[in-house]
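Novice: Going line by line, the protein sequences match chains A and B.
Mapping of the first sequence onto this note's numbering: residues 1 to 414, in sequence order.
Mapping of the second sequence onto this note's numbering: residues 1 to 131, in sequence order.
Calculated from the structure, these hints are not laboratory results.
Treat the hints with care, as some may be off.
In silico DMTMM-like cross-links for lysine to aspartate or glutamate, where the CA-CA straight-line distance does not exceed 20 Å [claimed, not checked]: (1) B:Lys86 with A:Asp120; (2) B:Lys83 with B:Asp117; (3) B:Lys86 with A:Glu257; (4) B:Lys86 with A:Asp173; (5) A:Lys249 with A:Asp115; (6) B:Lys86 with A:Glu117; (7) B:Lys113 with A:Asp120; (8) B:Lys113 with A:Asp70; (9) B:Lys86 with A:Glu121; (10) B:Lys95 with A:Asp264; (11) B:Lys30 with A:Glu116; (12) B:Lys113 with A:Glu117; (13) B:Lys86 with A:Asp115; (14) B:Lys95 with A:Glu257; (15) B:Lys83 with A:Glu257.
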Amino acid sequence: MHYLDLNIELTKEDIMLKEAAHEFARDVMRPVAQEMDRMTAAETVAPDSPFWEFKKKAYELDFHTILIPDSYGGMGLSPLQQALVAEELAWGSVGLLVDLAVAAFPAYLASLVPDEELIDEIIVPFCECRDGKIAGCWAITEPMHGSDTITPGYPSFHDPNIPSDCNIADDGDCYVVNGQKAAWVSGAPYATHAALFTRMDEGMGHAGSGIMIVPLDLPGVKRGAPLEKMGQRDDPQGELFFDNVRVPKKYLIVGPEAYEAMLDITLSMTTALMGMGAVGVARAAFEEALAYAKNRVQGGKALIEHQDVQKKLFNMFGKVELTRQMSRAAHVYNQNTSTPAEEYSVLCKVYGTQSAFEVTSEAIQIFGGNGVTREYIVEKLFRDARAMMIEDGANDILAIAAGHKLIGSYPRRD
Amino acid sequence: MTVFKDSEQMQAMLKDLWTHVIKETDVGPKLKEYDVNYKFVINEPNGFVYVDADQVLTGAEANREAVITMELSGDTVHQFWLKQLKLPVALATRKVKTKGPIPKVLKMLPYLKSVHDSYPVYCAKHGIHAN
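Between the sequences and the hints, there should be enough to build the whole structure, so can you do that?
Specialist: If you want it as structure tokens, here you go:
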């Protein structure tokens, strides 16, 4: 369903891109996502899973490179175009959007370092891949650490008494990785490369970490079983284990000297994109509820004729629109400065996913008993939205950390 | 002790370097193709350098609107072009501050190899120690 875009400065290219993303989301992502939602986690990554057909089609259309500059063969989208595409893809399936986004993480990080070996080994093959077989994952979460690993600037981030579950040690011409990343690593069951965010200097706490690209065919890498979960069952997740994995030093992007600020820059992008993902999920639920309310008769008249339903729909519409405007603005702002205002991106994630949860819940309420059956997509959207409130940092902890940041950063001057 | 003796030396050297780069390498055509121009706002010593596909300006006339503005010190200029400082580290440690679309910053990076390659040559030409 098309919606009125309040941005009157969208170009023809922007609109065409948005429409192409929507068609892909409608015709490919949503049917595949609904099929995967009914499969076991192991089945979703089995050779005959529809997931691979989705990957192949997404890569053929270059949707795996929305974050990669066109000078390397990526789509080279503007920040606004990234936001437009992210919303549409999330409308089709936020789980599959997350899978596509993390698939690009190693290549995106490599694009920050114009090293010819990394360009030839990591970026170009990823951009040229058409069968979906080259893919990354974002390996940051750990069994004993989840949201606390993504709170740069918060006091606990520097606490040396908080040990890590995964460590990088310097050993001559290589770094050696030992430990474990937890089961919520999107793409881990099948990824070829990991964007590993993990500890290098225990004395600095989480701030003493580094960012490294790790080819997952190196000796000593093992994977856990795909994770069974309530929502986003179309985003395959699993553990990664590292047993004396020797990684050549060329794969280090940044070490502890710049890790905390680099994480801030990374999160300013990912949390704003989570906001855009929330818009897509919420919009999908709102549109389902609106269409249903026009057709479903209760109490002798269509649901839409009941004032309470009209009020519910207006509140849902408002949450979709407000989250879209905020998330686009924050993403565009932060992608136009190297000193991002991360608290605004966190606002997109926290407010946006809370709104998506409320909108999907209201959609179920409008559907009544049908809303809790698997016959209608709103129950899947509800489960997906619920997962988003924890994914990429629990909203509670992100809000605490961003609130702490406001003490020193408000009002920002640049 | 800063790498550059003074603003005049720094701006003259960077103008010479960038003029070569935009005229003799694929940087000029790529700046035009991607609709990118740069303004470097440099401190210690203070100076401005503006680069587009056709020209390089320095001093007050270089202090103009640009697609990408980069603020950094003279020593950071030197470290960056000598590949002693990676861009992500420079950005994260605020040694380089940018304004302008990050995707455009990133898309030009692979073409800036010729600036890295030529930099030591132009340091020598202008009597600047390149290490």
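Novice: Going through the earlier hints one by one, which of them does the structure break, listed in rising order?
Specialist: none
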